[in-house]
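Q: Sequence:
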Amino acid sequence: MNLDPLIHAPIRLAILSVLISVESAKFTFLKDATGATDGNLSTHLTKLEKSGYIKISKTFENKKPQTSCALTKKGREAFEKYLGQLETLVRMRHGGDA
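So in the numbering used here, spot 25 of the sequence shown is number 986, and the numbers just go up one at a time.
Please keep in mind that the hints were generated in silico from the structure rather than gathered at the bench. Take these hints with a grain of salt, some might be off.
[To be verified] Pair by pair, the computed Cβ-Cβ distance ranges are:
| # | residue 1 | residue 2 | range |
| --- | --- | --- | --- |
| 1 | 1031 | 1000 | 15 to 23 angstroms |
| 2 | 993 | 1041 | 18 to 26 angstroms |
| 3 | 1052 | 1008 | 52 to 60 angstroms |
| 4 | 1052 | 1026 | 40 to 48 angstroms |
| 5 | 966 | 1053 | 17 to 25 angstroms |
| 6 | 1021 | 1041 | 32 to 40 angstroms |
| 7 | 1023 | 962 | 44 to 52 angstroms |
| 8 | 1021 | 1045 | 47 to 55 angstroms |
| 9 | 1046 | 1024 | 38 to 46 angstroms |
| 10 | 999 | 1035 | 22 to 30 angstroms |
| 11 | 1051 | 999 | 33 to 41 angstroms |
[Said to hold, decoys possible] List of simulated lysine-lysine pairs, DSS-like, C-alpha gap at most 25 angstroms:
| # | residue 1 | residue 2 |
| --- | --- | --- |
| 12 | 1019 | 1042 |
| 13 | 1034 | 1016 |
| 14 | 987 | 1011 |
| 15 | 1035 | 992 |
| 16 | 1035 | 1024 |
Glycine included, C-beta positions come from ideal geometry on N, C-alpha and C.
Could you put together the complete structure from these sequences and hints?
A: Here's what the structure looks like:
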């Protein structure tokens, strides 16, 4: 069983863990939630967007640029598959008792 390497990276896993439970999240919220720097977060978001896992939107609020991210259907399905694989690994590790 191969875990999706795109999701398995800690920051990307944290990003998707946030986005799975909200309609969308602002860049600043994701930055706080992951502890990533602006540049690091931007790099990981770009990778997720290029894979089709998230959609990035740029808008203006009070004349200030805002970046928001939302999980796509493809991203939701990939994340749910990833979680299912993790559950299977845990069960296998604990002899099926997990």
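Q: Next, verify each hint and record whether it holds.
A: Each hint tested on the structure:
| no. | hint | in the structure |
| --- | --- | --- |
| 1 | 1031 <-> 1000: 15 to 23 angstroms | 21 angstroms, holds |
| 2 | 993 <-> 1041: 18 to 26 angstroms | 25 angstroms, holds |
| 3 | 1052 <-> 1008: 52 to 60 angstroms | 30 angstroms, violated |
| 4 | 1052 <-> 1026: 40 to 48 angstroms | 45 angstroms, holds |
| 5 | 966 <-> 1053: 17 to 25 angstroms | 20 angstroms, holds |
| 6 | 1021 <-> 1041: 32 to 40 angstroms | 33 angstroms, holds |
| 7 | 1023 <-> 962: 44 to 52 angstroms | 47 angstroms, holds |
| 8 | 1021 <-> 1045: 47 to 55 angstroms | 39 angstroms, violated |
| 9 | 1046 <-> 1024: 38 to 46 angstroms | 45 angstroms, holds |
| 10 | 999 <-> 1035: 22 to 30 angstroms | 26 angstroms, holds |
| 11 | 1051 <-> 999: 33 to 41 angstroms | 34 angstroms, holds |
| 12 | 1019 <-> 1042 | 29 angstroms, violated |
| 13 | 1034 <-> 1016 | 10 angstroms, holds |
| 14 | 987 <-> 1011 | 18 angstroms, holds |
| 15 | 1035 <-> 992 | 23 angstroms, holds |
| 16 | 1035 <-> 1024 | 32 angstroms, violated |
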